[in-house]
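Participant: My request is simple: use the sequences and hints to build the entire structure.
Spelled out, the chains give:
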Amino acid sequence: MARLRRGDATAFDVVYDRFRARLFGFLARLSGRREIAEDLLQETFMRLAVRAGDLSPDTRLAAWLFTVARNLHLSYRRSAILDAERLDQLALATPEAFAPSPFESTAASELGARLERAFAALGERDREVLLLVAVERLDHADAAAVLELSADALRQRLSRARARLEEALVLAERSPSADHRRRRS
Amino acid sequence: MSDETEPIDLLARQLGTLDVDPERAEIIRARMHDALDRQIARSRPGWRRTLRRAYRQVELGAVGALAVSYFVWVVQIVLR
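As you go down the protein sequences, you meet chains C and B in turn. According to this note's numbering, the first sequence is numbered sequentially starting from 1. According to this note's numbering, the second sequence is numbered sequentially starting from 1.
Every clue listed holds true.
Output of the computed footprint for chain C on chain B, the stretches with three or more beta carbons under 8 Å from beta carbons of chain C:
hint, stretch
1, 7 to 15
2, 34 to 40
Per label pair, the in silico range of CB-to-CB distance:
hint, chain 1, residue 1, chain 2, residue 2, range
3, B, T50, C, R155, 49 to 59 Å
4, C, R5, B, V75, 44 to 54 Å
5, C, E110, B, D19, 19 to 29 Å
6, C, R77, B, D34, 19 to 29 Å
7, B, R52, C, D13, 30 to 40 Å
8, B, R48, C, S150, 42 to 52 Å
9, B, P45, C, S150, 39 to 49 Å
Listed below are several chain C residues computed to face chain B (Cβ distance under 8 Å; list not exhaustive):
hint, residue
10, G7
11, E38
12, M46
13, A49
14, L165
Think of the hints as simulated: they come from the structure by calculation, not from any bench. The model shown is predicted, which means the values in this text are computed figures rather than measured ones. The beta-carbon is built from N, C-alpha and C at its ideal position, and this holds for glycine as well.
Facilitator: In structure tokens:
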């Protein structure tokens, strides 16, 4: 953190290599689109470059980066909703129940593909809490800070998200996978 | 359901890892470095900022010395 605050370029490279894929996965699964996730990822690291000097020495970097990434995604969502011309596009990008996830093809197994499909069918609030706690393994205090929630509220949201994921998995099991659909067509 | 098959654990293990295309990743890295260079250049003090900072540091002492010397001069005049 001290090297980041001093503007040491090597420290920025280390942080970039350590967090790039994690932040990209988080943003891609929130937005459902690679190109948007790439733009938001770039903006996240630009913010780090500009604000690193102002960070306090005890800043939790993972929580800070995920907070910036999430806020950028929220801003993007708001501007996209306000942009009338993009409404149709947005409706297409919003994950529908058991439409194939854009990341289904990256899954290594049928179970992975089913999980991608079930996960893409969840609401944004469920996805973000699951991504932070289950996938990124942020501790509950950091995840609560990123989502601007109290510890209790985080626990409740996580529990609801877990229940919805279970339901979505059962439903996804009944719907054919993208591969299966491709093979049939 | 055991811990092994909890959906939340499955999610952590089975969700595929995503990453940016290597070419795009390098573009983002280069842009981050450009932003960092600009930020460092912006925070580097120019001669005006250096002068202002130096003045702020000596201002109190200089004004105090001026006041004291004026007082001494007045006293000398009165006593002469």
